[in-house]
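The task is simple: from the sequences and hints, build the whole structure.
Protein chains in written order, with our numbering: chain X, 1 to 150; chain A, 151 to 423.
Just to be clear, a hint being listed does not mean it is correct.
Straight-line distance between alpha carbons at most 25 Å, and here's what the computed DSS-like set of lysine-lysine pairs gives [unchecked claim]:
no.: 1; chain 1: A; residue 1: Lys-419; chain 2: X; residue 2: Lys-39
no.: 2; chain 1: X; residue 1: Lys-78; chain 2: A; residue 2: Lys-179
no.: 3; chain 1: X; residue 1: Lys-4; chain 2: A; residue 2: Lys-210
no.: 4; chain 1: A; residue 1: Lys-230; chain 2: X; residue 2: Lys-8
no.: 5; chain 1: A; residue 1: Lys-179; chain 2: A; residue 2: Lys-354
no.: 6; chain 1: X; residue 1: Lys-15; chain 2: A; residue 2: Lys-230
no.: 7; chain 1: X; residue 1: Lys-8; chain 2: X; residue 2: Lys-46
no.: 8; chain 1: X; residue 1: Lys-8; chain 2: A; residue 2: Lys-210
To be clear, the hints were calculated from the coordinates, so they are not data collected in a lab. Keep in mind the model is a prediction, meaning the values are calculated, not measured.
Letter by letter, the chains look like this.
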Amino acid sequence: MMFKSKLKEAIICFKAGRVTMPFPLGPELHPPGDGFRGKIEVDMEKCIGCGGCANVCPARLIELSDSETTRIIEYFLKRCTYCGRCAEVCPEDAITMTREYQLATNDNNDLYIRNELYMGTCGRCGRCFKPQSALDKMMVTGFRQKTEGK
Amino acid sequence: MGFDTVLMQTWRIREPVMWLCEQITGNRKTYGMNLIGGVRRDITSEQKPKILEVVDRIEKEWLAVIDAIGGDTPLMMRLKGVGVLKHSDAVNYCVTGPTARGSGVAIDSRVDHPYCAYDYLIPEKKVQEGCDNLARTLVRLEETIESIRLVRQGIKELPEGPIMAEIPEEIPPGREGVRVVEAPRGEAIHYVLTGENNRPYRWKVRAPTYMNLESVPVMIQGMELADVPIAIASYDPCFSCTERLEVVDRKSGKIRVYTNEELITLSRKKSGR
Ligand code: SF4
Ligand code: SF4
Numbered sequence: 001m002m003f004k005s006k007l008k009e010a011i012i013c014f015k016a017g018r019v020t021m022p023f024p025l026g027p028e029l030h031p032p033g034d035g036f037r038g039k040i041e042v043d044m045e046k047c048i049g050c051g052g053c054a055n056v057c058p059a060r061l062i063e064l065s066d067s068e069t070t071r072i073i074e075y076f077l078k079r080c081t082y083c084g085r086c087a088e089v090c091p092e093d094a095i096t097m098t099r100e101y102q103l104a105t106n107d108n109n110d111l112y113i114r115n116e117l118y119m120g121t122c123g124r125c126g127r128c129f130k131p132q133s134a135l136d137k138m139m140v141t142g143f144r145q146k147t148e149g150k
Numbered sequence: 151m152g153f154d155t156v157l158m159q160t161w162r163i164r165e166p167v168m169w170l171c172e173q174i175t176g177n178r179k180t181y182g183m184n185l186i187g188g189v190r191r192d193i194t195s196e197q198k199p200k201i202l203e204v205v206d207r208i209e210k211e212w213l214a215v216i217d218a219i220g221g222d223t224p225l226m227m228r229l230k231g232v233g234v235l236k237h238s239d240a241v242n243y244c245v246t247g248p249t250a251r252g253s254g255v256a257i258d259s260r261v262d263h264p265y266c267a268y269d270y271l272i273p274e275k276k277v278q279e280g281c282d283n284l285a286r287t288l289v290r291l292e293e294t295i296e297s298i299r300l301v302r303q304g305i306k307e308l309p310e311g312p313i314m315a316e317i318p319e320e321i322p323p324g325r326e327g328v329r330v331v332e333a334p335r336g337e338a339i340h341y342v343l344t345g346e347n348n349r350p351y352r353w354k355v356r357a358p359t360y361m362n363l364e365s366v367p368v369m370i371q372g373m374e375l376a377d378v379p380i381a382i383a384s385y386d387p388c389f390s391c392t393e394r395l396e397v398v399d400r401k402s403g404k405i406r407v408y409t410n411e412e413l414i415t416l417s418r419k420k421s422g423r
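What follows is the structure, encoded as structure tokens:
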């Protein structure tokens with residue numbers, strides 16, 4: 001009885017063969033399924049600083065802070081749940097979900113994105129605001145400062 | 151239990167399910183599918199045959215595993231009569247899910263309080279009277295086959311239609327909602343109190359392990375020490391939500407329990423925000 005059972009177990013193992021994959025994995029070597037949501041990517045040229053992504057992020061990892069004319073949007077991606085809500089609501093399609101899933105790192109900065117945007121300043125209260133009209137938007141594009149994910 | 155062969159093989163059998171989840175929802179585990187009002191993605195017509203194919207394969211392989219381990223004497227010796235949770239104890243300690251059903255308590259919130267589509271997809275309660283590790287294992291084995299049947303029926307009878315309801319207005323503050331759902335480990339209860347700005351004010355979760363964990367002292371009473379881990383694993387605990395931090399100073403023997411605020415501050419400091 002027991003010998004037969006062990007034999008059956010061995011057959012299951014041999015039939016399966018080797019299923020584990022050698023280590024250097026990645027989206028190219030082992031692509032995830034269609035519609036997979038991996039690490040987010042932010043196109044800083046497209047972002048208008050509306051803060052919509054920060055508002056919906058369930059992990060509350062997108063932080064907005066204003067200093068005079070600059071709006072700083074920070075993404076602390078180590079807490080990301082890859083839900084894709086930010087990409088869904090972004091009016092400018094600035095956020096895309098990539099297929100990157102190998103994110104283990106021992107450097108926090110690898111999972112940090114900082115986006116600094118030049119914005120208009122409200123003459124009354126002095127806070128940043130989103131220039132309303134499309135014309136205004138075109139005007140400020142040239143002033144954008146771009147910093148790579150540091 | 152020291153029987154890694156079966157563990158590894160069952161994980162291999164499970165893997166296609168994870169790939170399916172990835173295709174249907176976009177992720178292996180944190181699906182991010184449910185929103186207030188519905189779900190975010192539909193099951194496409196191309197995915198349906200794929201699901202059925204995976205389910206067929208799993209059923210075949212799963213039955214082969216059940217057939218193989220059934221006669222494994224050492225395995226049975228470690229399961230049978232070990233970790234006994236008597237029917238009366240199971241009732242008194244209010245255990246849920248497969249732990250309860252393994253002790254002959256026929257509860258399953260999918261059947262007792264149907265929600266979602268469980269009015270149409272009616273699962274069969276799998277109950278075992280053995281009250282031991284083996285009974286709890288058998289309940290799980292049988293439920294896997296039952297789940298496969300439910301998936302097949304669900305795919306066949308899935309109606310067409312919108313997957314998300316429009317909610318144009320903000321949800322008013324001060325509303326409450328409570329729901330019991332049957333998770334793989336037992337009843338999961340969520341309580342939500344809505345707050346200002348369309349956000350929840352309070353969210354309380356009672357995961358099934360809270361209830362099942364209480365029964366461990368009676369389950370392991372008078373047992374061999376080596377059998378204790380198996381008995382605890384047999385109800386599939388998830389301890390992470392029951393963790394509290396207690397620091398003992400070895401010199402003075404003083405005990406200090408960290409408060410909620412301190413833990414939050416420490417974790418914020420650690421995660422750099
Ligand atoms: S994917 Fe989800 S968790 Fe991650 S940044 Fe976007 S909204 Fe936040
Ligand atoms: S990334 Fe998109 S949603 Fe977020 S602030 Fe920029 S424009 Fe708004």
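Outcome of the hint check:
Proposed proximity of A:Lys-419 and X:Lys-39 is supported: the alpha carbons are some 23 Å apart, at most 25 Å. Restraint check: the Cα-Cα separation between X:Lys-78 and A:Lys-179 comes to about 16 Å, which is no more than 25 Å; the hinted pair holds. Under the criterion of a C-alpha separation no larger than 25 Å, the hint pairing X:Lys-4 with A:Lys-210 is consistent with the structure, at around 19 Å. The straight-line distance between the Cα atoms of A:Lys-230 and X:Lys-8 is roughly 21 Å, inside the 25 Å bound, and the hint therefore holds.
Restraint check: the Cα-Cα separation between A:Lys-179 and A:Lys-354 comes to about 22 Å, which is no more than 25 Å; the hinted pair holds. For the proposed pair X:Lys-15 and A:Lys-230, the alpha carbon gap of about 29 Å is over 25 Å, so the pair is violated. Proximity of X:Lys-8 to X:Lys-46 is assessed by CA-CA distance (about 59 Å); at most 25 Å being required, the pair is judged violated. For the proposed pair X:Lys-8 and A:Lys-210, the alpha carbon gap of about 14 Å is at most 25 Å, so the pair holds.
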